[in-house]
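Residue numbers (the numbering used here), protein chains in the order written: chain A, 1 to 383; chain B, 1001 to 1327.
Be a bit skeptical, because a hint or two may be false.
[Claimed, not checked] Distance condition first, Cα-Cα at most 30 Å in a straight line; then the derived DSBU-like pairs of lysine-lysine: (1) A:Lys163 with B:Lys1163; (2) A:Lys114 with A:Lys286; (3) B:Lys1183 with A:Lys163; (4) A:Lys203 with B:Lys1235; (5) A:Lys44 with A:Lys352; (6) A:Lys215 with B:Lys1252; (7) B:Lys1250 with A:Lys215.
Since the hints were made in silico from the structure, they are not lab data.
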Amino acid sequence: MEFIEFFKLGVSQFLGYTGFANVTWGHICMIAVGIFFIALAVKKNYEPLLLIPIGFGMIIGNIPFVGGLEVGLYESGSVMNYLYFGVLHGLYPPLIFLGIGAMTDFSALISNPKLILVGASAQFGIFAAYIIALALGFSTMEAGAIGIIGGADGPTAIFLTSKLAPEMLGAIAVSAYSYMALIPVLQPPVMRLLTTPRERLIKMRPPRAVSHREKVYFPILGILLTTFVVPSALPLLGMLFLGNLLKESAVTKRLAATASGPLVDIVTILVGLTVGASTQATNFLKWDSILIFGLGALSFIFATAAGVTFVKIFNLFLKDGNKINPLIGNAGVSAVPGSARVSHVEGRRYDKGNYLLMHAMGPNVAGVIGSAVSAGILLSFLY
Amino acid sequence: MKINYKYFILLFSLLIPLTLGAQSPSDLRINELMVNNEDNLADEYGKHVPWVEIFNTSYNSVDIAGCYLTNDTTGFAAGDPSRWYRIPTGDPKTVVPPRGFVVFYLDNLPTYGVFHTNFDPSEPTSSNYIALIAQGGKKMIHFFEFPAYLRDTTADYTYGYKKDFSLADSVMIGDSLVKNKDKLDYFTPGAQNYPIYEATKAEIVQQKDKYGLALMVIAMTVVFSSLFIIFVLMKLSGRLNALIPTWIKKYKDKKQGITSEPSVKEGVEPTDVDSGEEMAAIGMALHLYFNTNHDYESEIITIETPKVHASPWAQKQLIHRRIPRRK
């Protein structure tokens, strides 16, 4: 009899610990979102490097369990909690920026420096979203973190949110990465709405060749100028320009290869996984998360509109041969190279012989710098 | 005369450690002092004795162990620390956290523990200063003078920096400018000297810029300005990059006495300069010629994996080493 009692107790205890006993509709909903992200990546090829780890992380983060087993992301001492440390303390974003720097070719920007200003104009999306978030009742720190989604830069969004509103990290990171993946869907309607058929056909002058010396100068000048103005952006911009110098110096090929290859791959996996896992239904499924998603979409739309409109205004001051195709205005948001690819595809839609990719890369990489500078400004004002 | 820059670099690198004092005891400052303690902070034995608070101004932990505290610096010139209180080493509590504080009881009872010194500034014969001296006894970290009335008159009041150690003579407290080093309004051993909760940056922004417009204007101006500066410099560097080789060539030619005719006369369209398209066409033709019409093999041997129709379970290289490819 005692054995049977113990057996019953054991079985009921075991069943109480399983996911089936603890599952809620929230968990199922978030697991479904995770699977949807994976499907988007596999079927539609939308940012698979990000959506696969994030989607799988969502599944991992939403497996129901009884607290105290040290398995959850938010439980001190768990492996996932250790991995999440890099997100929470802003360790991963600078490492990703190192890789981005080592992968980025700033030639398009150096050969046509005026495109830098397009990258600056698109940062308007960040501050438009900030204003709307304030109006919706978010605190200034939360509004700053939400606004940075408009920078279209995952690492920057994580870095800033980890400082300003860590409790919103999951929602903001997932929102930023989701919209980066959805750039081909979000941007073209705004671009078409704001441009005339004639403007879309503008052919830009081919960029001049950029010397090795200029490419080496650029990261040094870039770090000095931007971080003297906004020192709080140092972790991001320092690593971005270091990565670029490793590449462009041509004497540290091994380091550049590591930064742009294995290192950035490892960090991308860890960021994606932990950000995805941070969307535990209990913490994530809130009205605020839905608002954040809505504001994220708005900030992308504002950023795109600001970039395109700026080019149109800028063109008023440029001579005929020097005009810029406003279809590259969208590339000022720093989703590299997604938004530049959208410019290119849209350009070719109206003129098969109009190749805008290289031109769009200029504002695109300027957008990376611009969003890091914006994050630095928000940090210096709000943190 | 040829200058050997190596020596300059070496000299400069030797000087750097002498000027940098970050994250060392040199970042410590005497921040608050109470000499006449009747009813204020009690030590671990329940006694009310004079105390001094030391502030770590750096953003990293600093170990104060091995430093000296004294109110008698007579042996300083001779480097004689025998009369000073040497803060014992080996106690983890001597590590002051970043922007943190440590309190010492100035009770002339060093046998009471690490944080009890061998002098008492409340004694009538005591000097009117406290000195914090670095390990080794040769470098003065902070010499903190206090007025004599602190000892003689009202009890239980502290003297120090209104805003935790700052070099400024005057500081803003609320809306008014006040003397920095003075009698303090709050007793704050082991805590910041101005404990009134000042609004955080975010709160100030929330109060002063409710709709976020000012922040937007400032931020966009800063973003534009910083990127505009890069734009101007890159524009200049592009031009300089094109001009510098010409200047160098001209300078060298001039030095060697060569007078070269300009290859392209002003106002005349160059005829021997090919356009980008022509160069690209020539490049492509050469590429095709060298890569397709060759008469020798590449000498690369390729081993193709045999396509075996057997069960993959029997051949692990087929299932473990292949990464699936999207069709």
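To see whether the hints hold, each was checked on the structure:
Restraint check: the Cα-Cα separation between A:Lys163 and B:Lys1163 comes to about 25 Å, which is no more than 30 Å; the hinted pair holds. Between A:Lys114 and A:Lys286 the alpha-carbon distance is near 43 Å, which puts this suggested pair outside the 30 Å criterion. Our distance criterion of 30 Å between C-alpha atoms is broken by B:Lys1183 and A:Lys163, whose separation comes to about 36 Å. With a C-alpha separation of about 21 Å, the suggested pairing of A:Lys203 with B:Lys1235 holds against the 30 Å cut-off.
Of the supplied pair hints, the one linking A:Lys44 and A:Lys352 holds, its CA atoms being roughly 24 Å apart against a limit of 30 Å. In summary, the hint linking A:Lys215 to B:Lys1252 is supported, as the alpha carbons are separated by about 26 Å, within the 30 Å threshold. Between B:Lys1250 and A:Lys215 the CA atoms are separated by roughly 25 Å; this keeps the pair inside 30 Å, and the hint holds.
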